[in-house]
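Take the sequences, apply the hints, and build the full model.
Residue numbers (numbering that gives the first Met the number 0), protein chains in the order written: chain A, 0 to 177; chain B, 0 to 315.
Since the hints were made in silico from the structure, they are not lab data.
Glycine is no exception: its CB is placed at the ideal position from the N, C-alpha and C atoms.
Do not take every clue at face value.
What the hints assert, rightly or not - Taking lysine to aspartate or glutamate pairs in the DMTMM-like style, the calculated list, with each CA pair at most 25 Å apart, reads: (1) LYS256/B to GLU287/B; (2) LYS34/B to ASP68/B; (3) LYS1/B to GLU172/A; (4) LYS146/A to GLU19/A; (5) LYS63/B to GLU117/A; (6) LYS256/B to ASP154/B; (7) LYS63/B to ASP113/A; (8) LYS256/B to ASP209/B; (9) LYS1/B to GLU49/B; (10) LYS33/B to ASP70/A; (11) LYS33/B to GLU287/B; (12) LYS34/B to ASP71/A; (13) LYS75/B to GLU228/B; (14) LYS146/A to GLU172/A; (15) LYS63/B to ASP70/A; (16) LYS63/B to ASP71/A; (17) LYS86/B to GLU115/B; (18) LYS75/B to ASP98/B; (19) LYS34/B to GLU49/B; (20) LYS34/B to GLU19/A; (21) LYS185/B to GLU200/B; (22) LYS33/B to ASP71/A; (23) LYS34/B to GLU117/A; (24) LYS1/B to GLU22/B; (25) LYS86/B to GLU200/B; (26) LYS33/B to ASP113/A; (27) LYS1/B to ASP71/A; (28) LYS34/B to ASP113/A; (29) LYS33/B to GLU91/A; (30) LYS34/B to ASP70/A; (31) LYS33/B to GLU117/A.
Said to hold, decoys possible - Some chain A residues judged to face chain B by a derived CB distance under 10 Å, without partners named: (32) ASP64; (33) LEU67; (34) ARG69; (35) PRO76; (36) ALA79; (37) LEU80; (38) MET81; (39) THR83; (40) SER87.
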Amino acid sequence: MSLALPAPDMARAITRISHEILERNSGSETITLLGIPTRGAHLAARIAANIEAIEGRAVQHGTLDITLHRDDLRTRPPRALMPTVIPSLGVEGRNVVLVDDVLFSGRTIRAALDALGEIGRPQTVQLAVLVDRGHRELPIRADYVGKNLPTSQNQVVRVQFTELDGIDLVSIEEGAPL
Amino acid sequence: MKHLLSISDLSKSQAITILNTAEELARASDGPMKKLPTLRGRTIVNLFAEDSTRTRISFEAAAKRLSADVINFSAKGSSVSKGESLKDTAQTLQAMGADAVIIRHSASGAAARLAENRWMSGAVINAGDGTHEHPSQALLDAFTIRRHLAHGREDLAGLHIAIVGDVLHSRVARSNVLLLTKLGAKVTLVAPPTLLPVGVESWPVTVSYDFDAVIESVDAVMMLRIQLERMSEMFFPNAREYSRYFGLNSDRLRRMKPTAIVMHPGPMNRGLEITADSADSARSVIVEQVTNGVSVRMAILYLLLAGVPESEGVIA
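Quick look at the structure:
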C-alpha cells in the first residue's frame, strides 16, 4: 500500500475544489451539488460545507443513486439501492455539479448522466472528483480534480472518509495481478 | 435468491433488504423518475390461472416501470383452459425466452412445482397458490406497517398486529404470519373456530375468538376477505352474525389506539367483514397498500432479475 493523499492534503484538495466551483459558477446561487453514493455523497457534503463557510449561505446539495442505470448490472449480484435526495429547487435549469470520489472508467458518470436526464434538464452538468486515476473507457473528463493519480489497471484506489472509515485517507493498493 | 415462492425461504435480513429496496424505489417513482431502464430487454410473463385484478396489474405496473416487457397469460382464453398441463405451459414459456414467470394458481404448491422441476430456467414468483402463500402481499403489508408504525426502525419489533377473519382459506394470512413474526411483531389471529386451520396452535401466534378483547391493544388490524366462493360449507350461521362478531365497524374503530391503522388486502366485501365507513376512514391505509404494492413488487423483480443470471436451473 502506498499513501497517495494524507488527511491534510485531502482537506486542501477539497477546499480548492470548492473555490474552483464557486469561481467557475460566479457564486453558489445557481449550483446544485449531487454526490454519488456512497463516498461521493460524503465528498459532496464536505464541499457543500466549505462553500457555505465561504459564501455564508446555504447551497443546494443532495445525492444521486445511479445503480438502476448501471450498464454492468447483469455481471454482478444485485446491488442494494442507495438514497437519491434531490434538493428543493430540483435540477431544472441549475448548474449541477456531480461529485464522486474516484474517476476511473467513466461508466459511473455515464449512468449518472442518464439518471439526471430522467429527473430534469440542468443548464450545465459539471463533474468534481477527488481522484482521477486514468484508464477511461468513455469520452468523459472531470471539471474539478483533487489529484491526478497515475495508476496501473490492477491497482485499487481506496478513498476513506472519517464519517465512514474513521480516517481521512487516499491510498493505492496492489490488486490481484492481471 | 432465485425464486420467490414462500416467505419461509427468506431470512429476516433478506426480507429487510426487499423492504429497503422498495423504499428507495418508492422514492424514485414518487419523484420525476417514473420509468427506469433497469430491466430493459427482460421478458416477464404473468401466468394467472386464477382471477386477480390488483396483483396482476400491480406486477405489470412494476415490471413496466423497470422497462421489462410483459406478457399477460390468463387461463381463460389460453390453452390452460383446454387442459394443457403446467409442464407444457412452462416449456412453452421457456421456448419463448421468459426471464421470469409470475404465477397465480388455484393449487397450493403450483409455483414450487414450476420452480423445482426445471421445466424453465427463469425466476418463478409466487403470486398466490391455492390456500398456501402470497408472499408479495405479505411484503407489501409489512412495508405499509413499517412506514406507518416503525418510526425509522428496520423491523417491526414491539408491534402488535391482529389478522381477523377467514384464516383457514387465506394465503395472505399464512404469508403474513410468517413474515410479521420474522420481523419481530406479535400477531394475534381473530376468527371463529371454524375458520382457523387445523394445527394453528403450532403457529407462532396467539389466537382469540373475541375481537372486542383484542381491538384496543393492537397497532394494526388486517381484515381478511370472507371468500364467498368458498363459503358453501356453512362456516358461520349467517353473514349478519359474522359481521357483528368479527366485522370491523365504527364502534370498534373508535376503540382502537389513536395511531392504529386498518388494512385489507382487497377485494373488500363492504358491509360483511368491514363497514364502508371503516374502509374509508382516516385510519384506513387500504388504498396506500395498493400503491406500496407496486414499489414492493419492483423491489422483488429488481432483486431477482437485475443481477447476473444464474446458470443453474436450465432444463437438463
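*Distance restraint between LYS1/B and GLU49/B, which requires alpha-carbon spacing of 25 Å or less*: At roughly 24 Å apart (the allowed maximum being 25 Å), GLU49/B and LYS1/B satisfy the hint.
*Between LYS256/B and ASP209/B, is the straight-line Cα distance small enough, at 25 Å or below?*
Satisfied, since the Cα-Cα distance of roughly 17 Å is no more than 25 Å.
*Take a quick look at whether LYS33/B and GLU117/A sit within 25 Å of each other, Cα to Cα.*
Holds - the C-alpha atoms of GLU117/A and LYS33/B are around 8 Å apart, at most 25 Å.
_Against the 25 Å threshold, does the CA-CA distance of LYS34/B and ASP71/A hold or violate the hint?_
holds (19 Å)
*If you take the shortest Cβ to Cβ gap from LEU67/A to chain B, is it below 10 Å?*
holds (4 Å)
*asked:* Restraint: LEU80/A near chain B, CB-CB cut 10 Å. Satisfied or not?
replied: holds (4 Å)
*asked:* The hint names PRO76/A as touching chain B; please verify it with the least Cβ-Cβ distance against 10 Å.
replied: holds (5 Å)
*Assess, step by step, whether the Cα of LYS146/A is no farther than 25 Å from the Cα of GLU172/A, and give holds or violated.*
holds (16 Å)
*Measure nothing beyond the straight line between the CA atoms of LYS34/B and ASP113/A; if it is 25 Å or shorter, mark the hint as holding.*
holds (12 Å)
*Do the alpha carbons of LYS63/B and ASP70/A lie within 25 Å of each other, as the hint requires?*
Satisfied, since the Cα-Cα distance of roughly 19 Å is no more than 25 Å.
*Can we keep the SER87/A interface hint, with Cβ of chain B closer than 10 Å?*
Hint violated; SER87/A Cβ to chain B Cβ min 12 Å, cut 10 Å.
*Does LYS33/B pair with ASP70/A here, judged by a C-alpha cut-off of 25 Å?*
holds (19 Å)
Taken one by one, the earlier hints fail for this structure at numbers 3, 19, 20, 25, 40, listed in ascending order.
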